[in-house]
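Read top to bottom, the protein sequences are chains A and B.
The working numbering puts the first sequence at residues 1 to 311.
The working numbering puts the second sequence at residues 10001 to 11244.
Heads up, a few of these hints could be off.
What the hints assert, rightly or not - To be clear about the criterion: a stretch of chain B counts as covered by chain A if any three or more of its residues have a C-beta under 8 Å from a C-beta of chain A, and this derived list gives those stretches:
(1) 10280-10286
(2) 10710-10722
(3) 10862-10875
(4) 11061-11071
(5) 11127-11137
Said to hold, decoys possible - Which bits of chain B does chain A cover? Going by a derived footprint, with three or more residues having C-beta under 8 Å, they are:
(6) 11079-11088
(7) 11166-11177
The hints are simulated quantities; they were obtained by calculation from the structure and are not laboratory data.
Don't be surprised by glycine CBs; every beta carbon is placed ideally from N, CA and C.
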Amino acid sequence: MTNTDRERHRERETAFYLFTQQRLPACKPVLTPAWVVEIVERYDTECVPEPFRIDKVSYVQDDSIPKNCSLSLKVRKYMKAPIYIYYQLDNYYQNHRRYVKSRSDRQLLHGWKYHATSSCQPVEFNNNQPIVPCGLIAWSLFNDTFTFIRERAELKVNRKNIAWKSDRDHKFGKTVYPFNFQNGTLIGGGKLNPRIPLSDQEDLIVWMRTSALPSFRKLYGRIEEDLDADDVVVVHLMNNYNTYGFGGKKKLVLSTSSWLGGKNDFLGLACVFVGSSSVILAIVFMLLHLKSRRPYGDPSYLPWNRKSFSG
Amino acid sequence: MTIVGICSFFVEGQGSTAEEGAGTCEVVEIAASTRRRKMGMVRWSKLYSFACLRTSTYEPSAAQELIGQPGFSRVVFCNEPHRHKRKPYKYPYNYISTTKYNVLTFLPRALFEQFRRVANFYFLLAAVLSLASLAPLSRASLIVPLVFVVGISMLKEAVEDWHRFLQDLNVNNRTVKAHASNGEFVDKLWKELRVGDVVKVNKDEYFPSDLLLLSSSYEDGVCYVETMNLDGETNLKIKRSLEDTLSLNEDEEFGRFKATVRCEDPNPNLYTFVGNLEFENESHPLSPAQLLLRDSKLRNTDYVYGVVIFSGHDTKAVRNSTRSPSKRSRVERKMDHIIYLLFSMLLLVSLVSSIGSSLLMKHDMDDWWYLQLPDDNKVPDLEGSDSKKEDLVKVLQAMLINKDIEMYDEAACKSVQARTSNLNEELGQVEMILSDKTGTLTCNQMEFRKCSIAGISYGGDTTEVDLAASKRMNADFEACQFSIGESDRISQSFEVSNFSAEKAVLGCPEVQDNANKGISRLSRTEEESVIKGFNFRDDRLMNKNWIHRSSLLEITMFFRVMALCHTGIPIEDDKIDKLRYEAESPEEVAFLIASQEFEFQFCRRTQSVMVLKEFDPSGKEVERYHFKVIFREYKLLNLLEFSSSRKRMSVIVSNEDGQIFLLCKGADSIIFDRLADNGRTYEQATTLHLSNYAEDGFRTLAFAYRIVEAAEYECWNTAFTKAKTTVGPEREELLEKASEMIEKDLILLGVAAVEDKLQKGVPECIDKLAQAGLKIWLLTGDKRETAINIGFACSLLRQDMKQFHLSLSREAESNNQVKAMKEEILHQIENSYKVMCEERNKEAPFALVIDGKAFEIALRGDVKDEFLQLAVNCASVICCRVSPKQKALITRLVKEYTGKTTLAIGDGANDVGMIQEADIGVGISGMEGMQAVMASDFSLPQFRFLERLLIVHGHWCYQRISKMVLYFVYKNVAFGLTLFYFELYTSFSGEVLYDDWYMTMFNVLLTSLPVIALGVLEQDVSSDVCLQFPALYQQGPRNVHFKWSRIIGWILNGVVSSLVIFLANIYILSPSAYRQNGYVADISSLGAITYTCIIWTVNCQIALITSHFTWIQHLSIWGSILLWYIFLVLYGALPPYLSGKAFHVFIEEIGPAPLYWMVTLLVVIVSLLPYFIHIVIQRSFNPMDDHIIQEMKYCFRKDDVTDNQTWIREQRNSQRSTRIGFSARVDAKIVIQRTVASKETINL
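One chain only, chain B, in its complex shape (with noise of 0.2 Å):
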């Protein structure tokens, strides 16, 4: 299958550009015509913009009936801001606001906010009761944590909306100029512009609002706007005013400017426009057009002006963007779940309590003359403690992801940013990533990497994935030759054998020598290639060796393609014979930089001619090395444009000998057809290159050339004008074949691949997530071919890879009969789901390829069961041509139909639905452009580093965080049920054992540090062992540590050791006397002793449950004990109104006791023993993975030499269930090797 890539060639406008240019290239002509603007300038848009028809814009569309109507009202009084400071023409300012609370809905939204979350409602509640006298406990033990935790997270809620307000107040505060009175124009901020304002955008600067495009500085209207922020696309749109406001194109035409604009309502389509424009007492009929839309770019066009027509929240682009909804994580909705069932346990206790205290009360209590009891009836409520130490935990644990110094990028000076820390643990269960193409898995620039030229292939012969091939069959067969005894001789020269035929079948030396030089793409990503967009290695041609060759003519028309078919402008840069260039498409640039380092040089063009700097092979040798250079001027006749349907682009030149030469370049497949037949010399060898450039993710171009007659020229160049001048709808059709004409009989050259640049680390990082046990999506806005090139360029695709396409077929598109397009998707899916079906036991993996308009038609209701169904079960996902709203909706889908943990990453504002929607939202902050990061939970400088914080980072804080809630539980558990259990000792009067005090320090003292110290530094395995074994992170999208049985379990134990230390307490110290002196155990002596057991209990639970102690555990763990001795006697000093049940407790009377020390012993060691038989058990029989990598990893140190065998073996037996990425491919590869190789032998 051959995969060709097509850039888009858009036409282009470079005004500026040939102004400068001309300047210095001392074309005097040019420089004079160009000065000024009046006397008629190069119209750049007019040469290459032939095909742009204006004819659409004056479509009267039955739309423009609407204006008037509701939903189409607005009216626009142009250059006439102060009419809409009066009702009903009043509309907003330019003012944006993305933050979520202003000074006074903060304090009601933010605490409605909290209290939405159970744990905190809960605690609330508890706060509340404590204000009727009936609660036991005193106000300030129950308020003051509640106040801090609350205030806590309020207080982080305050400062992540203090940063979006400076955001804004960034926007808000740029200038743009703005029309005051008169023609003049002075600088206006854009919160202050109102609609109606006349501005001027300058190039490269960004819109302040939703304009209505009036002129630019080309004579005919047209601008040029980079739409990025809106869609993701990457070319440029074209913008043209109306012909009727084109006189408006200088500052003192404004003055006495005024126009009405009636025109539809705001709304968030983008791509819809309908309005009238009343001018000079004529109406126009507006359209998209000329709308240019806030947060697009001005680009390639000097200035432009407009009118303002929506401002501020009423932009198509803040229309657009959806309020981001505060994410929880999937732990902590569980969490919600144990709050209710402990919620619940609570309810039962106090019921049975409360219950308990009635009957007695009606019963017996009257009798207890000792209580003197009124009549009124109490009910005592029962208060467990619960507190949320995990903000603070979240918190520390984002801090020390952003401290990761692996994460850190140099190159950008930006860390890893985690935006919300709630959201740590949901890292380390992520099951699907989906993922944006530009700017995040590519860096937007192309590089030239490979040629075939006249069938021969340049630029290096083996792929990476050959080369990691034959390394790890090196590899195996060590590990082979290692496995087997000695004693097996017989059957290790077999391997031997075996192994050189598959060396052999890898053939050539250079893999060899390759693969020991260590050159890999993997490895030579790192070296940043000396020349942006060229990463091209080969002697044979470079350093102007390629005069030596054979097929010399080929390889100079080659370059001649290269250097003269495009629409690109040289630009001067500092470094001397070098220049820099500005085209449409990255691609045509990589191609104009590649044919300069093959000393071609395309220095100068003007309207009609293009000068090449070219070294000229057959003149005289100067020196060695040394040959002329000479200028070549070639007369550029016609130009071609590229469109999507031609998918080629030609240029029609003579030379200076008055030879003309077509030049085309364009898809493979278009080229093939086309060619004439003693132009076929080297179709077989350049059609198997391609097929191995596409493999690599290589956008490929095929060059070929024709010499035309000038008789010919002559003859066709009537027609084609008469084609260009005609009028009417017919032209385009007309122009086709005309350039039809002349397009065939075409010379093969070769073809070209220029790499869609990967950003630093991808294909590793994709790699190991796929080991990880993750899918990856990619959903793009690009075309289908590029798509699929980034496809196979990041390992997504393999080229033994079932592929199922989805797309809708012409005819249907044009139709645009839903009910067609529907059958005919589903007819598709259906297919191809019988494919896999049958094929499932090969183990072939499948991928998907959609394409925007089918998945549309898929995401609609009854087809997107099917169509899930289908896409779940493919390997890789790719879907194209995705506008963001799609984006969004695909993740919502995806989210709700699998139940999985969804993250998206993106770099655009076009990602930001997406990365809203998804459970976890990555933005990548490198590139331009803040609205992802704004948007996103967690921000990354570079898409590599997601590796990093998902596989280690999301491992440990998933683990974390689940021990630690499950702690949690536990520890209150444990805590709480005492206090039941004395109730029931208490006639259910509501007495507590402890002092108030106590029962406030447990949670936010006494146990606090450990859990913090648990929850922020545990590792159940380092990072690089994480790293080595992504298998490990299945634990968490099989929530492994969080399981209903785990909680049910910790739930249990907490329930055994509150037992244990209970009844061991009244048993061991009541009724008779704890001292030698014959003093009793009351209240207070016997709570100081119970709770000093809970103390050493739940402490020493979480060092059972550490496994990794630092000091810091360390101090924590025994520091909490030790603060508890040390709070006792300090609290216990204060004089007794104050100390309550504390006072002297320990000096005088428990700490002198023997028993008192026993009973701690005894009753820590009794409570922890369930616990320590279950994880000996566990252990020993039934052992997790991480247990076994521990060992492993630890005890097999003095083997060193098995160890690493075993270590590398497992390595890459955890690999093996992988089925995408780019060791999957070399296993796919390995495989096929493998069998031509036993074939081989068998034949031998």
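This is chain A alone, in the form it adopts within the complex (with noise of 0.2 Å):
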């Protein structure tokens, strides 16, 4: 390689040459609409054998019988990994005064050594020992289990990092492990394996997170692989947790994500709404504005000068 191509070739790097080039690097934005994809399959009847539909709340009580469900997906649109899986549910109270007051935020962090555990109420105590978690929301823990199958090969299913990271550091004791959790005679949802600390408990600490609404999702895991159109997706399904004594629905989600979050066309209705009225107004008030003009400062308006007025 001589010095001139060397030079050259030096030269073919700057930045001037490639600007005369036109070659300069670039991105390439391609402005696709960011579809947010969502499947959302509601489960809570189907999957409940026809024989047991009559009685629900015994079915899913009675311990003895089976609740595996399926239930076969279909994708309609290209969905790009992470795919978040929700399990949503409607007319649950989680807001309720009663439900929310019901923990004890010192004993998820400190375990069972701290005592004051009046909160709590009424999934305190059970033999005389003290319940780890206690209080009604961890008691009534979601316990529906669900694994995802793509043509027959079981899709992997990330179930870490599902819940805040503040809520695991600070919130959930790293040495705080389930004691004596749904012993009682009244079972309410999950157990939990008491060898894990609750720190590492997600699906627990996801629960407890109340949600602000009567019909609420909760993150169950990510399936971190796209799924295309058309795929099918098999659910296979535990039905364990009892919302046919209230009434309540369950359903399974499956959603991207934007930057935005989820599928939400709430609000680009409402800044559509929003800005053609505003449009709309500028244009009346500009159209009133020449027809009938008010001059700047005009003292006619002022009280003892309009006729009306009386002294």
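With the hints as a guide, bring the two chains together.
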């Protein structure tokens, strides 16, 4: 390689050369709408076998009956990983005062050593032993489970990092293990593995974040593979959780996410509506202004200049 | 119409001053006789008070028989106070307390006061509920603000009461000489005085309690008392002791003095007293003449001895004072209604929630296994939040009012003081001002202003009104000229000719000159006259120039009358050659000072001789302007005293040549009736001047003289002496007849006009207040003539006004039959009303002058309404001779009858009732006596500051407070309703979307600072614009800012905002994920986001309301928003069990979510849109006056000339509707001039 070659080479790399040759490195935004694809599947009725549909509550409460159930979901559009798996409960008042208060943040952090757990009433003690985690919220832990199979292969579901990091680090103790949990006569929701510390029980952590509205979604996990259009995903689920007692609905939701979060048309509609009404108002006011325009600082509007004014 | 003021020449005793004067005047025989009192002192009191009858005190009264009956059972053992330590004669000490609370009662009573306020009571209710286990909010978050708010208010009360206590302490610790034993008098604290104590009160001291006068420094037991603090009357009153106690005039006499008084029980009646004195085994009837009342002052008497009859709270003065009621402003009262409204909304919400909750519980919730419901039924309660930042704002407002440099009186080093801060906004809604006269409008100081001698008026010919009218017409003319385009020359020239005609009518070139010099009263009052009591400028008379006048004789006589016909006494002054004078009425002092200025110095007075230092024009001219000054002695032969029926006073003197003169001064009508045929030379000219002076509000007195032949005098004198020595009821009549005999065939000299000097700036202030649409009533204890004079002087009256007089005829008064009097008054009212109805179209203003007696009748039940109807329709009302109680009564009646806000202003203790009764009481703090100030809500150093206090501060405060209150309503509706909506979603369980501390912080920190800034600093227009357009003040009385429609509008605005905020949030954020990593919003993040929207919305809303941005507003509004984020971060950083829902919510959850910021933006825009549209529509199609004025002020700057023209024109236009005040007078004058001018042009 000669010097001139080298120089030429160097020259070719200078910005100016790249500019003149219109070869500046560039990124090319392809303006495609960032579609958020969402699949919502209600399964609470479907997953109760025909014979039990008359009395779903006793079906769900009867431990001896297997709760297996399969659903098949068809993916209509391409879904890019990560695909978030939610379970959605409707008509479930997680925001009820009695429910919301029924927890003990200190116990969650410090374990059963922390005794003042009166806020956990009525799920505070069992057999004179403190319950860890205490309170109604933990007691009613959601315990349906889902597995996803696509073309006979199980889709990998990541169930880590579904809870807020601060919750894991600061709210739930790393040395606190479930104790005396769901040992009473009344069994609410799911059980916890007593060998895993609370900070790793992410299902519990997610559940403990009470929702604001009676219809809510909670994160179950993430599918970290893309789903193509027309893929069929078979969901094997354990229909354990009792929503039949109060007529709640259970839904399974698969959704991708954009920078604005999940699929929500309201924001867009609101923006369009507000924008257009603002434009209309602007036009109306402009016309009004043109038609009957009030001179600026017109003294004839002063009360003593108006005829109706009487001193 | 001619109104002549007549001063009251009260008999005067000047023993002490005579004594001092005598010593220095080297009049040996006088000095000798006065040095020792016992040797026979000059009995001035006898000398001047020949007309005072002693008989009246001996009249047996029917009331005397009541003694010993119930109500008249008091027994006082004089000089034996120890006997009053035990029952049944145990009476209270002379200790006085005006405090509202004491140490023990403070807490319960102050708490009661606080919780009488609806808002506070509501708060208390909420706090109590929070103690119950059902409450959704933590206890601290409800109780802390309550304690804060109530605590601040109570602290304020405590401080105010502490001041009262200090004041009391000061009064209670004054000392007085009290008899200890064996004729020894020692200093004793007022509070330690007991009934029965004998005290000695010295000159110019207040009486410590109600005393029975035993004797005085005068031999005849007379003393003079100033009762200004009791009834507002400025003239002195005579009190005289019983003959029998006269001997008790030395300290030693009291060693063995013992007597018993049986008298009436304590009562508030100032003018009655019934009792008996048992002294030396004889019983003597007592009358009010022997009673010295607490709060009055000993005047012109060296000392008196008295025995304490009523002490402390038994005294009539204290009984007369009413406890100051706690006043509440109109806005505040309306706010109660708003709170009721909000409260009922809240109750409704709670009810809905409770019913919903219980229904749900019955039907559904049993199935909600996850709640594990027990059997007991819980009823949740939803709390709204409503805080009172108002108190703080008002205190700050009051502070700013106090600090206003424009209202600082440099002379007195005092500024305005808002003593109760909760009436600030009421200042902006005043419609009626009830004003005291003396000390409030006037300084109680007379000034010699003008005189007319021998038919020539001196001291300036033109009145201020003329000057202002000519100036105004000049300005008008220019304005016209400007407005007429160049093309329109014909009409312009017409205007010019018209104007010159007007100018011609105004006449004399002097007018123009003076106008150019700018000498008008308005400006002249600024420069203090050099000599107190003399404000006369006319080179024709001043500096001895009068000697060159043609009518020299008249002038000299005039000055002599001025210098001789009086009862005053000269006092040595520091200044060489100039003397100070003391006389009963201030007019006499003014005359004496004036005559001194004209070189007729009255320098000595003895029993029978008056010495004048005269300037002798007939003498040889030594040098230019250096004439001989001679002392002339005049023998005082007789003194014919002034009385209210005679309305004149004369002296008969003989000069050194033995010539006898009768010098007379009196009311013009009286004097004119008694003129000799050859004495009427100047009558016509003088009458003209008189009416001019009266129009200017001067008090006028006519002067006349007569030369009496020696023979005639001798003859008369015997008759007069005979009359004088007559004892019996006919004496007075005889004296009257005798004086009638000599006071005739007078020769008129001229008239003198004295001005009851108005306080600085009073006419301008009244003018501005009138332009602001306020009605001003003058309530005074003075005579009708005086009151009318002042009415003219402050332009409350003017010549072309139709005056109605309500007064009782003498017959009715003497008969004292209520029914007849009532009918008479009713008849008068009806007549006046008829006239008013007939003349209403003519736009002539009406004035009502009513007399105290008639007033009493007019305020009785059945006549009341007719009277008030008439009074309210009059442009100005003047009430004279009214008692303090009547002042209070009329204030209450006007307040109740018209339903308008009233303001009472006064300076003396006699105004206290009125001040307390009115919606706003204002006390003048410049004068002595603090009672009025103590009772008032605002104290001003001078009346003129009322203008700024009302028109600027009142207007501002009204605007601020109403804006603030409305914003409060809005804010709490907007915030509280989101809580309610959330209830709907939580099955009415009472769960709250926000963290407890967010809610507490909402009113305490996050939205309060901008409100405070708004409440304290908001201005719709600047203060000078307020003053230039007083009509803007009408916004307050018309209550444009606090109408129910506005209140409802703001509530609706709040409802809309809350709906937008809540619905947008839940629909946007739920149920799908709100962040890229799939997280969904839970209750804590949704709460924080919604709350952010609320903070933004309410703070931006206040930015839309605010029209006056200073850096403080910017800082507080944008700072509050920033503060919310800071709070969220800090609070979230606390451990989870402390921070609750806020744990890491901002940093980790919502902060990084773009949706959060977008929602905030969207929601703020949408929720403010309705208000924004509203103000756009209002501004562009239906602007308020302040909007226009703002625009005029700020946007016409480019075209300065046009600006000025419109500006001034509009200023004038805004004034046009006034009927009283200086400008109105000027307007009226212009109208008259114009009509005259146009007539003349037609004639030409």
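List of violated hint numbers, smallest to largest: 1, 2, 3
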